[in-house]
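Asker: Here are the chains, one letter per residue:
There are 2 protein chains.
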Amino acid sequence: MSNYSAPLKDMQFVLRELAGIERVAQLPGYEEATADVVEAILEEAARFASGVLAPLNFSGDQEGAKWHDKSVTMPAGFKEAYAQFIEAGWNGLASEPEFGGQGLPKLVAAAVQEMWKSANMAFSLCPLLTLGAIEALQLVGTPEQKAAYLPNMISGKWTGTMNLTEPQAGSDLAAIRSRAVPQGDGTYKIFGQKIFITYGDHDMAENTAHLVLARTPDAPEGVKGISLFLVPKFLVNPDGSLGARNDAWCVSIEHKLGIHASPTCVMAFGDGGGALGTLVGQENAGLKYMFIMMNAARFAVGLEGLAIGERAYQLALAYARERVQGRAIEGSTGPVTIVHHPDVRRMLMLMKSQIEAMRAFSYTVAAAHDAAAHHPDADERKRSQAYVDLMIPVVKGWLTETGNELAYLGVQVHGGMGFIEETGAAQHLRDARITTIYEGTTGIQANDLIGRKIAREGGATLQGVIALMRQTEAELAKQGGAEFAAIRAALGQGIAAVTQAAEYIVANYAGDIRGVSVGAVPFLKLMGIVAGGWQMARAALVAQAKIAGGDADPFYPAKISTTRFYADHVLSTAPGLAHAVVNGGGGAMALAEEML
Amino acid sequence: MSNYSAPLKDMQFVLRELAGIERVAQLPGYEEATADVVEAILEEAARFASGVLAPLNFSGDQEGAKWHDKSVTMPAGFKEAYAQFIEAGWNGLASEPEFGGQGLPKLVAAAVQEMWKSANMAFSLCPLLTLGAIEALQLVGTPEQKAAYLPNMISGKWTGTMNLTEPQAGSDLAAIRSRAVPQGDGTYKIFGQKIFITYGDHDMAENTAHLVLARTPDAPEGVKGISLFLVPKFLVNPDGSLGARNDAWCVSIEHKLGIHASPTCVMAFGDGGGALGTLVGQENAGLKYMFIMMNAARFAVGLEGLAIGERAYQLALAYARERVQGRAIEGSTGPVTIVHHPDVRRMLMLMKSQIEAMRAFSYTVAAAHDAAAHHPDADERKRSQAYVDLMIPVVKGWLTETGNELAYLGVQVHGGMGFIEETGAAQHLRDARITTIYEGTTGIQANDLIGRKIAREGGATLQGVIALMRQTEAELAKQGGAEFAAIRAALGQGIAAVTQAAEYIVANYAGDIRGVSVGAVPFLKLMGIVAGGWQMARAALVAQAKIAGGDADPFYPAKISTTRFYADHVLSTAPGLAHAVVNGGGGAMALAEEML
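Chains as they are written, first to last, in our numbering: chain D, 1 to 596; chain P, 1 to 596.
Simulated from the structure, these hints should not be mistaken for laboratory data. Please note that a few of the clues may not be correct.
Any copy, or any two copies together, can satisfy a pair, since identical chains are not distinguished.
Below, simulated EDC-like cross-link-like pairs (lysine to aspartate or glutamate); rule was C-alpha separation at most 20 Å, straight line [claimed, not checked]: (1) Lys146 x Glu594; (2) Lys157 x Glu80; (3) Lys9 x Glu593; (4) Lys9 x Glu594.
With these hints in hand, go ahead and build the complete structure from the sequences.
Answerer: Structure below.
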């Protein structure tokens, strides 16, 4: 069965050479993230991912989470693995030290999260959701809520959930109907049904803190009348011990395409008289808090695309090196391993090069997040935050769409064996499929990107990014050789495509919002491909400098060759995407709806 | 649950206006395929597909075929549906009238097959495999074999299988080890294990004729020593009645990602002393027969890509018309159905336009096959056969890769519901995944395309096709308006891309076969996209002529708009693919294997 080995060398390279971990470690509050500490953390995480989480990935998928009598039983081994996970202190890696977290930079957490997600995506969703709830309470919880919940949630003793979706309210939270009735003593009774609640119930932790969006009796209609409530599975006594079972129950779980080990719950609040909860933050401000947390969640789901791509790649590569089939196309005395066949090589390089591009791109966004949160200079914080805000939908949308493509290729490399579940390649395809949907579909991300992040500010932040890309292009021009010439040409063409498409969006968004929005997803993909190519070009320049400095590590020439492949096979699609953005609006809308 | 309604209007349009059913009906032997007859057949098939096969698609997937005691039980309803299928005479639609077939053109059969595959792909594989076995026996069976088997197989009373793959022999049939030992009486005893045998056992028919590749004792090594044998499940007595159970058993079935209702068997031949079989055709010529049959099978699997795309589209469209979520991006007083959202519209148009392009392209290839088989003029037969040979790998590779994309989009349109198995969208994604693998992976198709079909003849047949495409482009230039200008520009760019890439392949295939082969799949996709665009452009021209002639059917302006969308969003990717073909070889091969 499938093994996982964390790609530490590339992770370290990106952290050091592209994302600037040394600069991050100089930010106030991150001083402990020295090179030695980070290396030790990554190595320890790699061992945990390979040794504890990865072996449960396939068995967890086959067995699945089971529902019985309003509660969920996890697949064999998950409870024990979770106990080890929190025992080792992994849950609070990037949370506030005030409540027991380790306060490490998001950049380090990104690399560690990538490992959890590669090793066992279904498992990783539990700490991910807990982290979202932690962030909400850190942000706007009362002192009492923080004191009672944060230490237990940061340690992982208790888990957290996010209860947003209702049957009629998916992407559109304005349609939420769940009710919160004040009891006069500062508490509320919550009534309503929530669907698609990840880890809404399970048997790995003592308690679960449900964060629930609901409306108070006199709340305004729409998104301005939604409040956020903390509704624990078990009530918490003043002394911190657990009290009565609250009226919040998992009434069924979904039969899904993938992530079978992650229970996706229908949650019923208040069917037995009302689920007791307390308000988090201000009344009617729930959606605002959700949007703040969403950036973190969207980034994390983006990493899932990268992580599944990496796992699918490792599996496909191992098979391609081992499977003997057919003669070499140039002639051979006997059959060869399929890694020798040019089309298999092409598929593996499509996986490898896009994985490296996604990793470089997303980690640099994480570093910008750290600067936005901790930089002493306010202008630098603002600039960094603007970069993060611009790129979050790209991280989410592009990494998850690409992760799906790579899982698809992973199956293809296996040939007929890829269609057999025992091989494990199909699981990655199934698991990946949710990533472009939850936490906002690719279409939602793309609308956010072209609307709020570009058109609203006339493309100002993006223009700054394009200027940085042009600097990299100028550096490429100083290098000799065919590889750098190809990389430079492709990046230059990519930047031109982004520029053209963005100018079109800025100029036409107000006047033709429907036509421009047809190009939203093509533009998001274009942005991702070019931003990834930009980071790969930076990587190639670092590699070239290392080689010029006498470093004989074969990692460096491989990085340049991989960048060149990316230029020829991935960046080359940029002009076509720009064409769809600029010309594709009218044709899409021309048909009467009944003619579809 | 999902319904299916055959797209008769577009099918009829393609048959009449693009594939020339009237000309096909003038070919000797096809005189019965008059417009009235064809229309009646399609309508009857549509009723059968919707009424009998489609309702079993989801339940068949959920229940799956079951193995017990060396035999397979089909999911509920399949046995009865198969009985109705053969009772209605559908099995022998395009088979030889001499043995009870109806001898209809492949063009008509293609439309009917599309319906079976859309309605229930897992079911459709049984008659598909039977048809393959029928064609082998028609081609090279002895008079005795034909008399004993063909009438029962053409009626569907008996089914057929193709036993090629062994664990070490997948794409590479040279590695086959199954043995055939002559018994001195004209019969052989067959020994060996075959895997991935579709419908290797089931309970829908009285008998099954296994066609098995095996080696005789003194056979040469490699592909030149493979012979084809007919090994029935039950021996057939001289009077045609069934005799003893033969030593050919299904010893297990695979646990697959999709097509759960189609049993994929491990077949053991001869474990109990030898499976009795007879030679089909000449000794050591088995692979040649397989290749001849493979064209038909590859065409049929290509249709599966189209068919699944169509089914996924119908499901997604129905959901998009019904699901209310979010306000219109341009503003609306209340929530709207999601079909109104530009990105959902884009996804639906990507599905619709590529479905129509695939249908137009594949049906015209079917028409060429009919001309190749029945045209009175030998030159025309030869020309048509060359066109078919060139395009078969494109039909197989492009339609199946695109079918997967469309099934993926079908899930995306559903949002979170798409990930829930009950919705049915996920099944199409799972079922589609095998189509790019079996009957030769996309990589195998692409190698065949650039090697045997293009480089070997210096691109001669393709040049003829390009000339025809240029004629269509010239016709487009005579039309007015923005839509035709956009279509013409995109088609012209597409033709230029194919020309450039093909010239590169012809010039460099001998000298750099590995580098050129890296571009094989990008070239195959390029060919498909441009050939599909060419047929869509022909369709738009026909539509324009109808409109000019006063026909007010909204089908015609919709066809032009759909072609324009295809031009902007699909044909626009052609230059990028050509770039990968022409420039992508070196970078792909630069890395040492251990650096992957």
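Asker: A separate judgement is required for each hint: does it hold in the structure or not?
Answerer: The hints, checked one at a time:
| no. | hint | result |
| --- | --- | --- |
| 1 | Lys146 x Glu594 | neither (54 Å within a copy, 51 Å between copies) |
| 2 | Lys157 x Glu80 | within (13 Å within a copy, 55 Å between copies) |
| 3 | Lys9 x Glu593 | between (52 Å within a copy, 17 Å between copies) |
| 4 | Lys9 x Glu594 | between (54 Å within a copy, 14 Å between copies) |
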